[in-house]
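Visitor: Residue numbers (our numbering), protein chains in the order written: chain A, 5 to 445; chain B, 5 to 445.
Quick caveat, the hints were computed from the structure, so don't treat them as lab data.
Ideal Cβ placement from N, Cα and C applies to all residues, glycine included.
A few of these clues could be false.
So the derived list for chain A, only partly shown, Cβ under 7 Å to chain B, looks like this [what the hints assert, rightly or not]:
no. : residue
1   : Gly138
2   : Leu163
3   : Tyr167
4   : Ser178
5   : Gln194
6   : Ser198
7   : Leu227
8   : Glu258
9   : Gln260
10  : Leu301
11  : Tyr303
12  : Ser305
Now the in silico label distances, taken between C-beta atoms and shown as ranges [claimed, not checked]:
no. : chain 1 : residue 1 : chain 2 : residue 2 : range
13  : A       : Gly69     : B       : Arg42     : 53 to 59 Å
14  : A       : Pro290    : B       : Arg334    : 54 to 60 Å
15  : B       : Leu397    : A       : Asp187    : 16 to 22 Å
16  : A       : His312    : B       : Pro162    : 58 to 64 Å
17  : A       : Ser302    : B       : Gly402    : 35 to 41 Å
18  : A       : Thr151    : B       : Pro298    : 34 to 40 Å
19  : A       : Pro14     : B       : Asp411    : 52 to 58 Å
20  : A       : Asn112    : B       : Thr46     : 48 to 54 Å
21  : A       : Arg155    : B       : Phe205    : 28 to 34 Å
22  : B       : Arg329    : A       : Arg7      : 50 to 56 Å
23  : A       : Leu156    : B       : Glu405    : 21 to 27 Å
There are 2 protein chains.
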Amino acid sequence: MNRLNETHDPALSSWIESANAPGCDFPIQNLPFGVFCRRGTTEPPRGGVAIGDQILDLAAAAQTGVFSDTALIALQAASAPALNALMALGASAWSALRLALSRALRANSAAQTSLAACLVAQTDAELLLPALIGDYTDFYASIHHATRVGRLLRPDQPLLPNYKWIPTGYHGRSSSIGVSPQDFPRPHGQTLPSGLTTPLFGPSKRLDYELELGAFIGPGNALGSALTMAQAEAQIFGLCLLNDWSARDIQGWEYQPLGPFLGKSFATTISPWIVTLEALAPYRLPFTRPADDPAPLSYLSSADNAAHGAIDIQLEAALQTAAMRERGERAATVSHSSFRHSYWTLAQLVTHHSINGCNLRPGDLLGSGTQSGPTPAESGSLLELSEAGRKALRIGSGSEERRFLEDGDRVVLRAWCEQAGGPRIGFGAAVGTVLPARNAA
Amino acid sequence: MNRLNETHDPALSSWIESANAPGCDFPIQNLPFGVFCRRGTTEPPRGGVAIGDQILDLAAAAQTGVFSDTALIALQAASAPALNALMALGASAWSALRLALSRALRANSAAQTSLAACLVAQTDAELLLPALIGDYTDFYASIHHATRVGRLLRPDQPLLPNYKWIPTGYHGRSSSIGVSPQDFPRPHGQTLPSGLTTPLFGPSKRLDYELELGAFIGPGNALGSALTMAQAEAQIFGLCLLNDWSARDIQGWEYQPLGPFLGKSFATTISPWIVTLEALAPYRLPFTRPADDPAPLSYLSSADNAAHGAIDIQLEAALQTAAMRERGERAATVSHSSFRHSYWTLAQLVTHHSINGCNLRPGDLLGSGTQSGPTPAESGSLLELSEAGRKALRIGSGSEERRFLEDGDRVVLRAWCEQAGGPRIGFGAAVGTVLPARNAA
């Protein structure tokens with residue numbers, strides 16, 4: 005998965021001019037997949053690839069005669085209203101399609117005339133969930149997040165003894181995963197405010213975001229079988245942004261002993277474009293751990309993982325209050341980090357998940373857990389940034405402060421890879437807005 | 005949901021003679037739904053209703069001209085390879101279909117000739133998962149189980165402070181839910197045996213079953229909305245048996261702080277027949293709590309729930325070792341309890357699940373959590389029966405002992421409702437067999 009090929013050449017440009025603009029999230033080196041339909045039509049949803057400010061309609065492209073062999077089979081799979089069938093085809097099919105698309109969308113391609121008729125402006129498109137998500141699992145792969153949150157809950161033992169051995173995760177709720185932009189009402193729930201012995205019921209007062217990456221599973225594994233580290237990355241179709249909205253007060257009262265439940269399941273927002281693992285190959289880094297930390301158990305170790313298991317994906321969270329929106333003020337960055345700091349790699353998450361025989365299916369989604377970096381300013385949640393509400397954050401140009409999210413607040417997550425002089429492999433955005441709580445039932 | 009009608013009349017008998025045999029799980033008062041196809045054919049799976057030792061093929065029945073109006077619409081929905089569309093129709097459609105089936109299958113029905121051609125012997129059928137299960141949630145609704153397990157883990161605080169306030173639950177894994185009979189290899193995983201500081205990797209040594217009921221969701225609720233107690237039961241299509249297989253040693257090392265994960269996700273077995281809530285109406289009981297316990301918060305309270313929120317469903321777990329099977333010896337009962345002891349009712353589980361706006365969808369599955377009764381002999385897991393492995397259980401007629409499950413062990417869960425002189429509303433069985441661990445990856 006780490007090999008570079010002609011699709012990664014930074015010198016490539018596209019006949020779609022907007023893809024060549026500096027800072028564009030979707031240059032020809034990216035080619036992320038999503039599902040869309042044209043706004044205001046009753047057309048069936050189908051797969052698309054973002055290129056510049058356009059979408060290449062993959063169902064239409066399959067009809068042009070431009071593509072053949074494996075790439076055509078992959079395009080036909082991507083013509084469905086969800087990308088599960090494309091995900092099921094596996095890494096060699098994805099790679100063949102990427103190569104064919106790269107060649108066809110390249111400047112001076114003979115396919116330009118045929119494919120120009122398959123473009124839909126992103127502004128004319130409605131983007132949908134890219135796959136039918138069977139199971140959603142959320143991990144906890146940032147040791148910086150786990151330590152910072154642990155310190156707030158258990159000052160004497162911030163990091164639990166299993167953290168450095170197990171890629172901790174839990175099953176999440178699939179039904180409430182929505183695609184960006186997602187608006188949702190502030191959730192109701194039980195909470196036990198400090199000093200009380202009887203819980204209260206009402207809207208959450210400690211609503212938070214979590215800055216994560218999501219990984220969509222490809223072919224997966226059969227029930228009762230397990231994946232090895234060598235097989236794991238070929239099971240990942242690609243990555244998106246994921247906001248694991250969290251009601252900290254509901255979560256705090258409910259989570260013992262069986263973990264997060266209603267504090268999370270009211271909404272999870274993902275970005276519409278899936279950046280393939282192949283597109284991320286140039287941004288691989290060695291996977292390292294502090295010298296004093298235990299080496300992963302052998303089922304979670306491989307030379308390949310040590311050599312380039314990490315990926316330097318820049319991550320950013322920004323917040324726009326309703327007042328900022330009224331003033332026409334853009335969302336203000338509240339933190340910035342990189343996925344390179346993750347304590348567990350994607351291959352380790354996938355391998356661990358399957359090691360008991362649990363089957364992963366095409367379209368299943370894995371969350372990375374909140375990706376916080378080593379310094380407090382690199383924290384991927386307000387819980388960390390506000391030290392559980394003890395410290396107010398100044399947001400935007402006005403006098404507004406936040407400890408947790410208020411009604412009308414909009415959170416914008418972004419991610420991208422970039423090297424000096426090279427293209428920007430952007431993830432677009434995962435945007436969500438907090439609506440006021442509905443009347444209680 | 006609690007009203008009795010002509011379908012509950014204990015005096016009813018069927019023209020299918022096997023349904024009238026004493027002790028039959030599937031008399032005409034039951035009429036549970038499942039999905040089947042004839043073994044050894046390539047017929048598409050479709051819905052069926054168990055009656056005596058037969059299955060009424062609902063797709064065939066829809067073609068006979070016997071049924072009309074709502075019952076026919078419901079039959080057409082039940083002709084699909086999964087019952088999600090039938091579940092989505094809602095309680096009045098389910099009830100109309102039940103009434104029409106009860107009349108048509110009754111002794112002396114004019115429909116006998118037409119419907120006799122729609123019967124398939126259960127011995128000729130392969131039973132499949134009755135629905136596409138989107139999300140699976142497992143609760144923890146037996147206070148006796150929670151207390152007994154808590155005492156083993158935390159002798160000083162067996163029951164956590166939130167237990168009597170919150171119907172505790174967690175998201176489970178959908179992909180590994182299988183229909184009875186399900187065989188699965190002993191799972192591998194990380195464990196930290198007592199006295200060690202470095203975890204081991206290998207097959208689980210503390211494999212267990214959990215005796216639960218499962219509830220299939222009907223229409224459900226939209227994301228962002230919440231269900232009230234008055235609406236909750238109409239969202240439940242019916243109940244099945246559920247074995248939440250658990251690897252206690254994997255679970256014990258992994259579950260902090262995010263709850264059960266790989267200790268559960270290797271397999272979950274459900275029984276193939278879904279007994280509708282309407283069929284269970286005669287077995288309703290008042291929902292009561294010890295006088296010293298707090299009353300549920302108002303969103304979890306209703307007069308209807310207090311009057312008949314509980315259901316007296318007998319629950320039984322039996323174990324057959326490989327040696328017993330070789331000797332031709334039946335599975336030996338290891339515990340017996342009743343769902344009447346559940347600390348939380350079905351209506352409370354559904355209402356709580358939706359209260360934060362989380363959407364429940366047709367075909368979602370809720371587990372009740374291990375249903376243990378007040379006395380240790382009524383425990384629904386080996387963890388409780390063996391006191392975490394400290395006490396061996398004598399199984400069967402030989403000299404075999406069990407603390408946890410061994411390879412070749414087969415667990416048979418059964419459930420039924422019965423009143424003196426009345427029919428037996430049986431659930432059939434959820435059967436699962438432990439295979440040896442596969443070679444490690």
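Visitor: A separate judgement is required for each hint: does it hold in the structure or not?
Guide: Here is how each hint holds up against the structure:
| no. | hint | in the structure |
| --- | --- | --- |
| 1 | Gly138 | holds, 6 Å |
| 2 | Leu163 | violated, 10 Å |
| 3 | Tyr167 | violated, 9 Å |
| 4 | Ser178 | holds, 5 Å |
| 5 | Gln194 | holds, 6 Å |
| 6 | Ser198 | violated, 13 Å |
| 7 | Leu227 | holds, 6 Å |
| 8 | Glu258 | holds, 5 Å |
| 9 | Gln260 | holds, 5 Å |
| 10 | Leu301 | holds, 5 Å |
| 11 | Tyr303 | holds, 6 Å |
| 12 | Ser305 | violated, 11 Å |
| 13 | Gly69(A) with Arg42(B): 53 to 59 Å | violated, 44 Å |
| 14 | Pro290(A) with Arg334(B): 54 to 60 Å | holds, 59 Å |
| 15 | Leu397(B) with Asp187(A): 16 to 22 Å | violated, 54 Å |
| 16 | His312(A) with Pro162(B): 58 to 64 Å | violated, 48 Å |
| 17 | Ser302(A) with Gly402(B): 35 to 41 Å | holds, 39 Å |
| 18 | Thr151(A) with Pro298(B): 34 to 40 Å | holds, 36 Å |
| 19 | Pro14(A) with Asp411(B): 52 to 58 Å | holds, 56 Å |
| 20 | Asn112(A) with Thr46(B): 48 to 54 Å | holds, 51 Å |
| 21 | Arg155(A) with Phe205(B): 28 to 34 Å | holds, 29 Å |
| 22 | Arg329(B) with Arg7(A): 50 to 56 Å | holds, 52 Å |
| 23 | Leu156(A) with Glu405(B): 21 to 27 Å | violated, 47 Å |
Hint check: violations occur at hints 2, 3, 6, 12, 13, 15, 16 and 23; the rest are consistent with the structure.
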